[in-house]
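*Asks:* From first to last, the protein sequence lines are chains A and B. Numbering of the first sequence is given in my numbering, commencing with residue 43 and proceeding in unit increments. Numbering of the second sequence is given in my numbering, commencing with residue 268 and proceeding in unit increments.
Under the rule of at most 25 Å between Cα atoms (straight-line distance), these lysine-lysine pairs were calculated in the PhoX-like manner:
hint, chain 1, residue 1, chain 2, residue 2
1, A, Lys51, A, Lys61
2, A, Lys78, B, Lys316
3, B, Lys328, A, Lys83
Computed footprint of chain A on chain B, listed as stretches where at least three residues anywhere in the stretch have a Cβ under 8 Å from a Cβ of chain A:
hint, segment
4, 307-321
5, 370-378
Examples of chain A residues toward chain B, derived with CB under 10 Å:
hint, residue
6, Val46
7, Tyr75
8, Ser90
9, Ala134
10, Gly138
11, Gln143
12, Phe144
13, Gly146
No lab work stands behind these hints, which were simulated from the structure alone. Keep in mind it's a predicted model, so treat the numbers as computed, not measured. Note that CB positions come from ideal geometry on N, CA and C, so glycine has one too.
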Amino acid sequence: DTAVSQTPKYLVTQMGNDKSIKCEQNLGHDTMYWYKQDSKKFLKIMFSYNNKELIINETVPNRFSPKSPDKAHLNLHINSLELGDSAVYFCASSQGLANEQFFGPGTRLTVL
Amino acid sequence: AQSVSQHNHHVILSEAASLELGCNYSYGGTVNLFWYVQYPGQHLQLLLKYFSGDPLVKGIKGFEAEFIKSKFSFNLRKPSVQWSDTAEYFCAASEAGRRALTFGSGTRLQVQP
Chain A
43 DTAVSQTPKY
53 LVTQMGNDKS
63 IKCEQNLGHD
73 TMYWYKQDSK
83 KFLKIMFSYN
93 NKELIINETV
103 PNRFSPKSPD
113 KAHLNLHINS
123 LELGDSAVYF
133 CASSQGLANE
143 QFFGPGTRLT
153 VL
Chain B
268 AQSVSQHNHH
278 VILSEAASLE
288 LGCNYSYGGT
298 VNLFWYVQYP
308 GQHLQLLLKY
318 FSGDPLVKGI
328 KGFEAEFIKS
338 KFSFNLRKPS
348 VQWSDTAEYF
358 CAASEAGRRA
368 LTFGSGTRLQ
378 VQP
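All chains should be modelled from the sequences, with the hints used to inform the complete structure.
*Replies:* Structure representation (structure tokens):
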């Protein structure tokens, strides 16, 4: 049983396109996150939702828009994709303030 | 702002060698500390965590870490590495009450058979 799942696993697209990445967790957690891992493997928080409410929004271009339809899902929509958006995007979830986060398998986004 | 530093970017060891990876954090308040591992092509998995209590924390696969508050450090250790330990290791911290993790830049460990 996959705890945190993401689709798609790979995404190759042209500059200027709009794309979405989906994330689902079946752990019953109340908080979900999006992280970006760049080509140097550096991981940085982008967004966090707690009970469907946005609680963390780091300095991310507003071309990136997270959406949480319910506690188990957190999707990431990206408008007008740029070359610099190429990265691996990880979804994660946690419960309460314990902050042990469980990560999804990642989505490798390549913008051509 | 909180930051996490990992000083070893790439470590190469032979099997059975001992491992110590350094991690320092900058925040002076109460922090939660973590080590995650990312095997090639896989997602991050939690190795161990420290919230409070005994500063020597034991994790999975024979790893342990020691929290030294006076040095703002949380170094990862393993007495004898195996080839299967080849992976990227990330130290992370979160301020108590803040949900997001701040990650270090990662250490690539390569274990040679």
